Amino acid sequence: MKIRNQRDFWSGVLFVVTGVLFMILSRQYQFGTAAKMGPGYFPTVLGGIMAVLGLMLLIPAISRRSPEVKVERIDLKVIGIILLAVAVYAATLPSLGFIVSLILLIFISSMASHEFNVKTTAISAVALLIFSYLVFVKGLELQFPFLPVFLTR
Amino acid sequence: MDLLNNLALGLATAGTLINLMYCFIGVVLGTLIGVLPGIGPLATIAMLLPATYKMTDPTTALIMLAGIYYGAQYGGSTTAILVNLPGESSSVVTTIDGYQMARKGRAGPALAIAAIGSFIAGTVGTLMLAAFAPPLAEVAFKFGPAEYFSLMVLGLIGAVVLAHGSVLKALAMVVFGLLLGMVGTDVNSGVARFSFDVPELSDGIEFVAVAMGMFGFAEIILNLEQKEKREVFTSKVTGLFPRWADFKVALPAIVRGTGIGSLLGILPGGGAVLASFASYAIEKKVSKTPEEFGKGAIQGVAGPESANNAGAQMSFIPMLTLGIPTNPVMALMVAAMMIHNIQPGPQVMTSNPKLFWGLIVSMWIGNLMLVVLNLPLIGLWVKLLSVPYRIMYPAILLFCCIGCYSINNNVFDVFMTIPFAILGYIFKKLDCEPAPMLLGFVLGKLMEEYLRRAMTISRGDPTVFFTRPLSATLLAMAFVLLIIVFLPAISKKRAEAFAGDD
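Here the protein sequences come in this chain order: Z and H.
Going letter by letter, the first sequence gives residues 8 to 160 in this note's numbering.
Going letter by letter, the second sequence gives residues 3 to 504 in this note's numbering.
I should point out that these hints are in silico values taken from the structure, not numbers from a laboratory.
Errors might be hidden in some of the hints.
Unchecked claim - Think about it this way: if two alpha-carbon atoms lie no more than 30 Å apart in a straight line, the pair counts; the simulated DSSO-like pairs of lysine-lysine are:
#: 1; chain 1: H; residue 1: Lys447; chain 2: Z; residue 2: Lys43
#: 2; chain 1: Z; residue 1: Lys145; chain 2: H; residue 2: Lys56
#: 3; chain 1: H; residue 1: Lys431; chain 2: Z; residue 2: Lys77
Stated by the list, open to error - Sample of chain H residues facing chain Z (criterion: CB under 8 Å; computed from the structure):
#: 4; residue: Leu180
#: 5; residue: Ile223
#: 6; residue: Leu448
Fair warning: this is a prediction, and the values are worked out from it, not measured in the lab.
We put the CB at the ideal spot given by N, CA and C, even for glycine.
Here chain H stands alone, though its shape is the one from the complex (with noise of 0.2 Å):
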């Protein structure tokens, strides 16, 4: 068995003592951070990357920072139980039943089956990842410039069809974050583009500046534009266990959910919230009981947190074995590998085997960790969410300072992201959502690299997008996704799913 013997080597790399206390420390700091209400997975993962910079192993380092996105996400879906402020766009559906749950006094067992969900929804997302990798791979190979290009398309449109509200404005946003990704020196001519003679430009837009400046530092000045104060219920949290009866009714739904966020996941342009959406629509019709959703249903957090994470599993394939990112955390992943000299693709594989299954087998290690850590911790991180804002906000705020200059010790980044700032708050006003333009700046280099390959090799005919039947494959999936936003029945349907999420 090919699959035994390539986890048996990753539990090998993972289980070192070393690896195993690095995956520990992720777990931790990404809990720890990632509970804080305004930082998501995505700022808490950029915060806390200058610190694997220094490994020596690149394999640890990756191990420490899937520990950290494991830690971040349970971390976010926290704060979407306790004071109904979503981490991520996963976690919105999270907020309906899991902040009803807190009100009624049943913060506990909501906490704790999120924990079990993710948990279990983790160990078959890896299971599925392990299978599924390899085969990818292989595929991968096949790919040419051309179904690259293509397969980007499809990730960008998978964005622009997960965003909220309007579908021109998505494309915009994506279209915007192309040509801010082209700021910096052109590859093939050396021509250092819109930088306007700043030396620091020239090597591009820190990402992690766009990212704080659009999410952390616009949503802060966002909620204190609204000055109302946020209800926290730490004395009500009362009896931490689910009961049996709870048991009975969430654990269908966590395996329900499991293969929901397993088919969804791969999905280019973030699966996890695609899946977590299907999967709250899926608990609520075959519940008996469907009045009860939305009113503090276990189901409602039990399903979606499963589906979330057992999405989030599933959208390391197309990293692993594309070196393409699907979503902006996945886009960090890359850049941590590329700051080790590894570059992303198919042949990580064949070429890192240690690395590769090291990392899938310490990504269930971490699921384990996270349950254990947690389910005692809970009541420690309702204390830490009962900080007044006006406290919370200008830590949060020194903390995302401190995250972006880190990253390249240089205090330009964190000037850069006040612009980003102002843009963010601006298009928050206008209705236009932030994510799928931050997956075309992480793409927007990669995409015309690609295009310009495919076109030489084709000596200028575009026609070469179409003949070949990957990549016309991949085009036509995405000329199907814009075409069913588009349609008025579904365009109704999407706007009902959507509505009242912000």
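Excised from the complex, chain Z in its bound form (with noise of 0.2 Å):
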């Protein structure tokens, strides 16, 4: 057996086995009859149409009349380093406030690029802070614990 479109191939077997799975989950859940359906019914059942589509995706895909689709390569630095500079943001919002995971957002995330550079970095973190505060803090009024939690106390 050889893949031959590997697009579909992977989109078929993300579809099978989302579907299984949400159908093996919504077994907690009481099924219920047509008439009155429980809280599995609806997702069993599309669970189930999801899988069957995902199988017509896949099973063509390794037939030998298929065209040869390759997955482009997947860039795991950029994936990593963008998401990581979001889940800091998330993790230290709470904490340190709205300045510090502010800075710590544009400079993490400006890592990805590789045109990187430290000052124009720096300049764009002040530029946007003061922005930032300006719309979202004084004009929005949107509520952010602003400085670090041991500063305000």
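Hints in hand, dock the two standalone chains.
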């Protein structure tokens, strides 16, 4: 067996696995009847449909007549840095406050670019800090913990 | 004349100083944020939505949101023309000739004609909306659970048809979205489904977190991978206004585009996209110089932009009369209405006429402000876009995080964007378009609810969907749509139509 259309194959796998997973998870909820559907009814049916659709994608993808389609390279470094920046922002916002988490987000995420430069990043961080303060904190009056918790006490 | 009375009431509501002011602020903010590459109308509205939470008058809040929507849409067209980056699927066509015009130093006329076309289309769209919403609301009162369910099926199939690439994948994505919509407390039994004992998940997954993760963050990651420089044509923007010769060819295109947009825009599941594609095809057909298309033909900007805007206007009809969002942006509008304790549906028009007609008239005012505001500001937008991507993307990331946090003042929603960013990235690599999934996600709970009610009334007999004439008609339409895309001749044409617009 050879996977000819990799994109179709892997999306098929993804859909089958997710569909079956939802069907299994739904078993803990009451299924009910067609006239009186329980919380498990609709998700189970949907999971089944999704698994079938997944199979319909998966099977032709390994047939010999299918064109060869490769999945593009996945750049783990870029994904890692960007999502790390978001996670750090979310993790530090409640305790360290708006200023610190903003600077962390800008610096970490900027490193994902191949043209990273400390000086321009610092300038843009300051500019964004002023802009965000004026627009979101002053202008839109969004509620943020602004300074680190240990400073406000 | 009922229509005139209604419009007068709307004008009185929308014309108050405070409402005019918020409409203006909405248009300005919407344009300002929407013009940032990578932030489409959806993300723009999502970010600015919290700003309207605190308003005490829901009419003012919705008027501002509508302003944001138009601003964001026009901002999206601006990036489509200047940096070849469509803010949303309906401005994809604009990139074809708009970008070529910009490369030839004619970005000014392209942006101006887009603004003028949008305004004309918006005016007609508003009138159509005012004329057709009341009779449609009458029909909506005849809708039972079975009809609602069938209408949603039609809407979802519509989204599948309009998605790029494989129909099977789009179908699976819709189902995936419906399943994600199941997460959270089940209204009938009170059981928290798929929430894994996480209290934040018992309210369901936040829509904005899904949208930002799958569209915003995944897009940034993909852009960074490519490591190429975006061309911007700051220095070359000369001659802001279109010449007389430009108007002569562009005006008929605007009129045709407006007509197409008004007709197709009402279709659930992204009529605006279909309208802009159809308009481009028609302009190319009727043009005496079809070989100029793709090389900077002004009709190729004027037609689709008008169609897109008229379509966007019409997409308010199903939302306002049926309470059913036909695209993710409308879903956000529904969310905004619910926050202000207004249940969208046919009853809004009778129970809250000031809000309803005020909103409609404010759409026209918003479009007018957009033209007045944007014509002199075109030069500024071009400057904003010349900011290099390495400085731009951390800022976009920041704005998304701030927007996401501010919805519930909770970092949980920010964390939730991470798995969806990964998912969005994987889907992009596997050629699965996320838009149908988002619509499924929005409609999931509603669809289940109406299915349950319909089946309870019919005592478990599924033929109820086919024996009620309205429901049967809607399902038949969905079925025909599905058959059409699977026909070999059509599917080939469809592949051509979508080819090369990524």
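Against the structure, the hints come out as follows:
Between the alpha carbons of H:Lys447 and Z:Lys43 the distance comes to roughly 16 Å, so the proposed pair stays at or under 30 Å and holds. At most 30 Å may separate the alpha-carbon atoms for a hinted pair to count; Z:Lys145 and H:Lys56 meet this at roughly 14 Å. About 10 Å separates the Cα atoms of H:Lys431 and Z:Lys77, which keeps this hinted pair within 30 Å; it holds. Because the closest C-beta pair between H:Leu180 and chain Z is about 5 Å apart, less than 8 Å, the hint holds.
For the restraint placing H:Ile223 at the interface with chain Z, the shortest Cβ-Cβ distance is roughly 5 Å, inside the 8 Å limit, so the hint holds. Contact between H:Leu448 and chain Z, as hinted, is not supported at the beta carbon level, the nearest pair being about 12 Å apart and thus beyond 8 Å.
Hint 6 from the earlier list is the only one contradicted by this structure; the remaining hints agree with it.
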